[in-house]
Amino acid sequence: MHVIYSWLEHLPFTMFQFDFMKNAFLAILLIAPLFALLGTMAVNNKMAFFSDALGHSAFTGIGLGVLLGLDQPLISMLAFGIFLSLVITKVKAANMASSDTIISVFASASMALGIVILAGNGGFSKYSAYLVGDILTITTSDLMLLLVVLVIVYVVWALCYNQLLLVSINRSLAASRGVRVVLMENIFVVLVAVAVMVSIRAIGILMINSLLILPAAAARNVTKSARAYHWLTTIFGLLSGIVGLTVSYYGNTSGGATMVLAAAVLFLVTYPLGKRFR
Amino acid sequence: MKRLLAFGLAAALLLGGCGAPKTQQAPTQKQQQTDTATTDTTANQDGLQVVTSFYPIYILTLNITDGVEGVSVTNMTQPQTGCLHDYELTSEDMKTLEGADVFLINGLGMESFLPDVQKQYPTLFIGDTSKGAYVLEAEDDHMQDDVPNAHIWLDPQNAIRQTEVIRDTLSQKDPAHATQYAANADAFAQSLSGVLEQTQTLRQRPESNVALFHEGFDYLAEICNLDTSAEIYAEENQEPSAREMAEAAEDIREDRVQILLCAEDNGKKYADTLAAETGARVIVLDPLTSGEATKDAYRLGMEENLRILSEALGQ
Numbered sequence: 001m002h003v004i005y006s007w008l009e010h011l012p013f014t015m016f017q018f019d020f021m022k023n024a025f026l027a028i029l030l031i032a033p034l035f036a037l038l039g040t041m042a043v044n045n046k047m048a049f050f051s052d053a054l055g056h057s058a059f060t061g062i063g064l065g066v067l068l069g070l071d072q073p074l075i076s077m078l079a080f081g082i083f084l085s086l087v088i089t090k091v092k093a094a095n096m097a098s099s100d101t102i103i104s105v106f107a108s109a110s111m112a113l114g115i116v117i118l119a120g121n122g123g124f125s126k127y128s129a130y131l132v133g134d135i136l137t138i139t140t141s142d143l144m145l146l147l148v149v150l151v152i153v154y155v156v157w158a159l160c161y162n163q164l165l166l167v168s169i170n171r172s173l174a175a176s177r178g179v180r181v182v183l184m185e186n187i188f189v190v191l192v193a194v195a196v197m198v199s200i201r202a203i204g205i206l207m208i209n210s211l212l213i214l215p216a217a218a219a220r221n222v223t224k225s226a227r228a229y230h231w232l233t234t235i236f237g238l239l240s241g242i243v244g245l246t247v248s249y250y251g252n253t254s255g256g257a258t259m260v261l262a263a264a265v266l267f268l269v270t271y272p273l274g275k276r277f278r
Numbered sequence: 001m002k003r004l005l006a007f008g009l010a011a012a013l014l015l016g017g018c019g020a021p022k023t024q025q026a027p028t029q030k031q032q033q034t035d036t037a038t039t040d041t042t043a044n045q046d047g048l049q050v051v052t053s054f055y056p057i058y059i060l061t062l063n064i065t066d067g068v069e070g071v072s073v074t075n076m077t078q079p080q081t082g083c084l085h086d087y088e089l090t091s092e093d094m095k096t097l098e099g100a101d102v103f104l105i106n107g108l109g110m111e112s113f114l115p116d117v118q119k120q121y122p123t124l125f126i127g128d129t130s131k132g133a134y135v136l137e138a139e140d141d142h143m144q145d146d147v148p149n150a151h152i153w154l155d156p157q158n159a160i161r162q163t164e165v166i167r168d169t170l171s172q173k174d175p176a177h178a179t180q181y182a183a184n185a186d187a188f189a190q191s192l193s194g195v196l197e198q199t200q201t202l203r204q205r206p207e208s209n210v211a212l213f214h215e216g217f218d219y220l221a222e223i224c225n226l227d228t229s230a231e232i233y234a235e236e237n238q239e240p241s242a243r244e245m246a247e248a249a250e251d252i253r254e255d256r257v258q259i260l261l262c263a264e265d266n267g268k269k270y271a272d273t274l275a276a277e278t279g280a281r282v283i284v285l286d287p288l289t290s291g292e293a294t295k296d297a298y299r300l301g302m303e304e305n306l307r308i309l310s311e312a313l314g315q
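These protein sequences, in sequence, are chains A and B.
Using this note's numbering, you'd call the opening residue of the first sequence number 1 and step up by one each time.
Using this note's numbering, you'd call the opening residue of the second sequence number 1 and step up by one each time.
There may be inaccurate statements among the hints.
[What the hints assert, rightly or not] No farther apart than 20 Å at their CA atoms in a straight line, the calculated lysine to any residue pairs in the SDA-like style are these:
| # | chain 1 | residue 1 | chain 2 | residue 2 |
| --- | --- | --- | --- | --- |
| 1 | A | LYS126 | B | LYS269 |
| 2 | B | LYS269 | A | SER141 |
| 3 | B | LYS268 | A | VAL105 |
| 4 | A | LYS126 | B | LYS268 |
| 5 | B | LYS131 | B | ASN149 |
| 6 | B | LYS269 | A | ARG227 |
| 7 | B | LYS268 | B | SER241 |
| 8 | A | LYS46 | A | VAL105 |
| 9 | B | LYS268 | A | GLY65 |
| 10 | A | LYS126 | B | GLY279 |
| 11 | A | LYS92 | A | LEU74 |
| 12 | B | LYS269 | B | GLY279 |
| 13 | A | LYS126 | B | GLU264 |
| 14 | A | LYS126 | B | HIS85 |
| 15 | B | LYS268 | A | THR139 |
I should point out that these hints are in silico values taken from the structure, not numbers from a laboratory.
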């Protein structure tokens with residue numbers, strides 16, 4: 001850690017004289033590539049709303065943590081996020097209603113349940129920090145956790161990328177090629193749930209989905225190959241994260257929201273260029 | 001935007017609906033009343049119904065109504081609500097106010113919902129306990145000028161003044177018991193003599209610098225003669241920006257601040273972060289916005305705060 005710190009101190013930015021800014025910067029270096037991989041697949045699968053629902057379900061995760069008297073609600077957030085992602089996937093597979101309706105039902109219900117628990121416990125306002133996140137109070141152990149999740153996601157990607165891609169292109173085709181479709185779908189949604197939950201403390205419930213979707217959506221505008229798509233998403237994620245953090249430091253604005261604005265600008269700039277890549 | 005709107009609506013609806021737990025809360029408050037007020041139900045029906053806005057005012061009022069027959073004191077919000085910033089009135093709160101003869105508030109904008117209450121119950125008799133209090137200005141560059149710091153009860157002299165307002169308000173509505181209210185107010189002031197002595201001892205220490213992470217602790221710093229080098233008030237729902245954190249860290253280093261005063265709330269993680277940054281120590285104090293519903297809670301809480309503070313400064 002000290003090596004990284006002293007390396008950052010050599011950069012010509014006054015913001016790196018503070019350990020909390022170094023930690024925030026490192027958090028972005030971990031979250032951006034993590035979200036890039038998952039975001040590309042979420043955009044391919046048209047799952048932007050799904051990940052948004054997962055983010056909002058964190059309310060219930062936090063609420064359960066409060067009810068159980070947990071010091072850190074991360075465990076209950078993770079457990080509920082994984083549970084919800086699997087349930088949504090299962091119910092969606094039954095094909096009884098359109099998937100956006102199903103996701104909306106679960107999203108609203110889990111958000112409402114969370115607010116009932118949190119507001120009932122004496123004032124909702126003390127949990128407002130979870131809405132916008134606070135990347136400035138990230139600790140070294142939070143960073144380690146992000147690193148572990150990042151490594152796990154990369155390993156899964158290395159092992160299962162082709163199968164995941166095939167499922168996302170066409171389920172029947174994937175099934176005919178012997179891919180275990182349901183397993184692959186479940187692996188993916190669980191990874192998204194874990195990544196979202198470990199990052200919510202830093203980025204916030206309201207902003208988390210934007211960082212998952214926007215860099216991938218922007219990269220998709222201007223790339224043709226899957227490889228370029230992945231790389232550009234990672235670059236866009238890092239770019240919007242770093243620019244957002246820097247602007248928020250010097251411009252005195254909210255960290256998470258500034259990052260999302262930077263990502264939105266990237267999308268708006270790349271959108272008109274999209275025609276050339278079709 | 002739609003999702004945001006939907007979220008806001010859901011929050012508003014559900015906050016409105018969170019009166020349910022309060023009905024469970026009611027018996028404990030009622031139990032409280034039986035030993036502080038009368039057990040004669042007929043007297044209670046015709047007696048004075050006093051409603052307080054939140055915890056500190058409730059505790060101060062319990063001291064004044066102690067042993068007075070026919071008075072019932074109800075706290076409108078739950079004891080664990082904490083500060084009332086951004087508090088949304090519930091239907092249960094409105095019901096509580098419906099039967100009130102007197103509504104005792106902290107004042108100075110703490111009860112931001114007050115205009116709504118006045119609109120709904122134009123005849124409700126409201127006692128503003130901040131009358132005559134020594135008020136600090138809120139150090140807040142986000143807001144316009146001259147915003148008062150409403151956490152006045154954290155100065156024990158102010159708490160005594162507040163109980164005097166409560167005494168006068170109750171005597172006005174219930175003159176029959178005026179002497180008892182007066183005796184109780186005197187007894188409360190007397191009971192704080194130990195607390196005032198503690199602050200005197202603290203004031204005689206050489207000046208030291210502190211950083212504050214709860215707006216109410218401005219009053220503690222003032223009464224103990226501490227110099228405030230940096231302030232970050234995250235519990236007021238204003239997450240500090242990176243620059244504010246950086247400035248606070250610089251000020252803490254520059255003034256060699258050893259002690260960061262925070263409460264067990266949102267502010268603590270910012271205190272922890274800046275402690276890691278600067279090597280200063282985090283000291284957790286109680287802003288006395290929630291806790292036990294007993295009349296001694298204020299005195300005991302202040303004694304404990306001052307004890308922790310003098311121990312921290314002694315090292």
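Consistency of the hints with the structure:
Taking the CA atoms of A/LYS126 and B/LYS269, the gap is near 13 Å; set against the 20 Å cutoff, the hint holds. This hinted pair checks out: B/LYS269 and A/SER141 have alpha carbons roughly 14 Å apart, not beyond 20 Å. In summary, the hint linking B/LYS268 to A/VAL105 is not supported, as the alpha carbons are separated by about 36 Å, beyond the 20 Å threshold. Proximity of A/LYS126 to B/LYS268 is assessed by CA-CA distance (about 12 Å); at most 20 Å being required, the pair is judged to hold.
As the CA atoms of B/LYS131 and B/ASN149 are separated by approximately 14 Å, the hinted pair is consistent with the 20 Å bound. The straight-line distance between the Cα atoms of B/LYS269 and A/ARG227 is roughly 40 Å, outside the 20 Å bound, and the hint therefore fails. With a CA separation close to 16 Å, the supplied pair B/LYS268 and B/SER241 stays within the 20 Å bound. The suggested pairing of A/LYS46 with A/VAL105 holds, with an alpha-carbon distance near 17 Å, which does not exceed 20 Å.
At roughly 19 Å between alpha-carbon atoms, B/LYS268 and A/GLY65 fall within 20 Å of each other, so this suggested pair holds. With a C-alpha separation of about 27 Å, the suggested pairing of A/LYS126 with B/GLY279 is violated against the 20 Å cut-off. Taking the CA atoms of A/LYS92 and A/LEU74, the gap is about 26 Å. The hint is violated against a cut of 20 Å. For the hint linking B/LYS269 to B/GLY279, the alpha-carbon distance of about 15 Å falls within 20 Å, and the restraint holds.
At roughly 11 Å between alpha-carbon atoms, A/LYS126 and B/GLU264 fall within 20 Å of each other, so this suggested pair holds. A threshold of 20 Å between alpha carbons decides the hint, and for A/LYS126 with B/HIS85 the separation of about 10 Å falls inside it, so the pair holds. Restraint check: the Cα-Cα separation between B/LYS268 and A/THR139 comes to about 13 Å, which is no more than 20 Å; the hinted pair holds.
In the structure shown, a violation is registered for the earlier hints numbered 3, 6, 10 and 11, in ascending order.
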